[in-house]
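A.B. asks: Top to bottom, those sequences are chains A and B.
For the first sequence, my numbering assigns the number 1 to the initial residue and increments by one for each residue that follows.
For the second sequence, my numbering assigns the number 1 to the initial residue and increments by one for each residue that follows.
Watch out, some of these pointers could steer you wrong.
Derived pair list, reagent style EDC-like, types lysine to aspartate or glutamate, alpha-carbon separation capped at 20 Å [to be verified]:
{"id": "1", "chain 1": "B", "residue 1": "Lys101", "chain 2": "A", "residue 2": "Glu53"}
{"id": "2", "chain 1": "B", "residue 1": "Lys101", "chain 2": "A", "residue 2": "Glu56"}
{"id": "3", "chain 1": "A", "residue 1": "Lys36", "chain 2": "B", "residue 2": "Asp17"}
{"id": "4", "chain 1": "B", "residue 1": "Lys37", "chain 2": "A", "residue 2": "Glu56"}
{"id": "5", "chain 1": "B", "residue 1": "Lys101", "chain 2": "A", "residue 2": "Asp96"}
{"id": "6", "chain 1": "A", "residue 1": "Lys41", "chain 2": "B", "residue 2": "Asp106"}
To be clear about the criterion: a stretch of chain B counts as covered by chain A if any three or more of its residues have a C-beta under 8 Å from a C-beta of chain A, and this derived list gives those stretches [claimed, not checked]:
{"id": "7", "stretch": "32–42"}
{"id": "8", "stretch": "45–52"}
{"id": "9", "stretch": "104–112"}
For the record, the hints were derived by calculation from the structure and aren't laboratory data.
Glycine residues also receive a C-beta, built at the ideal position from the N, C-alpha and C atoms.
Each chain is listed here by its residues.
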Amino acid sequence: ETGVTQTPRHLVMGMTNKKSLKCEQHLGHNAMYWYKQSAKKPLELMFVYNFKEQTENNSVPSRFSPECPNSSHLFLHLHTLQPEDSALYLCASSQDAGGNADTQYFGPGTRLTVL
Amino acid sequence: GESVGLHLPTLSVQEGDNSIINCAYSNSASDYFIWYKQESGKGPQFIIDIRSNMDKRQGQRVTVLLNKTVKHLSLQIAATQPGDSAVYFCAEKTTNTNAGKSTFGDGTTLTVKP
């Protein structure tokens, strides 16, 4: 275990549904990340939170809405998704998201299927 | 076995052989590099890292080599075992900026044949 948990592990939703992905880290880190991992593509950074403040939004469509209530929890709220949004969504944390050589620790991911 | 050239998406090796996985990066300002291993059904897991002031770093059965001149990174796995079968990613980071975000490579799928 990496100290980063994600729920649910699998999610199937229709295009009109609203759902949320949850991530929790038990490492005392200050930075948390959302990544999208699609087949045969590199990891795509979506959002970065550092000390609960969003520091990066990598041109992500507004149908994905992140929330970071504290340094240990990160949510990704989903609504009116498209089938092409089906992917593995990975959460990661690190000591901080500044200019440091720190390692990111990943959760197991949520496998999302949009019908 | 070795993934030759800039990047090959798959590498198949015999158990006990050495594996070499290659990665090319594009940002000459990158000064911190990480290799991750992702097993099926799991998130990426840190293996080893190297800073740009080094050209070689060794871990347990793994060695990372950095060639800044040609912007090339490699991961060597000694005596490859079935448990090494996974997707391996390299990541690069520029630590002298406030963003400090990592950029990930495409990944190489390593298959170890018993």
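A.B. asks: Next step is simple, just say for each hint if it's right about the structure.
C.D. replies: Structure-based check of each hint:
{"no.": "1", "hint": "Lys101/B x Glu53/A", "result": "holds (15 Å)"}
{"no.": "2", "hint": "Lys101/B x Glu56/A", "result": "holds (9 Å)"}
{"no.": "3", "hint": "Lys36/A x Asp17/B", "result": "violated (33 Å)"}
{"no.": "4", "hint": "Lys37/B x Glu56/A", "result": "violated (25 Å)"}
{"no.": "5", "hint": "Lys101/B x Asp96/A", "result": "holds (10 Å)"}
{"no.": "6", "hint": "Lys41/A x Asp106/B", "result": "holds (6 Å)"}
{"no.": "7", "hint": "32–42", "result": "holds (count 5)"}
{"no.": "8", "hint": "45–52", "result": "holds (count 4)"}
{"no.": "9", "hint": "104–112", "result": "holds (count 4)"}
Hints 3, 4, counting from the list given before, are not met by this structure.
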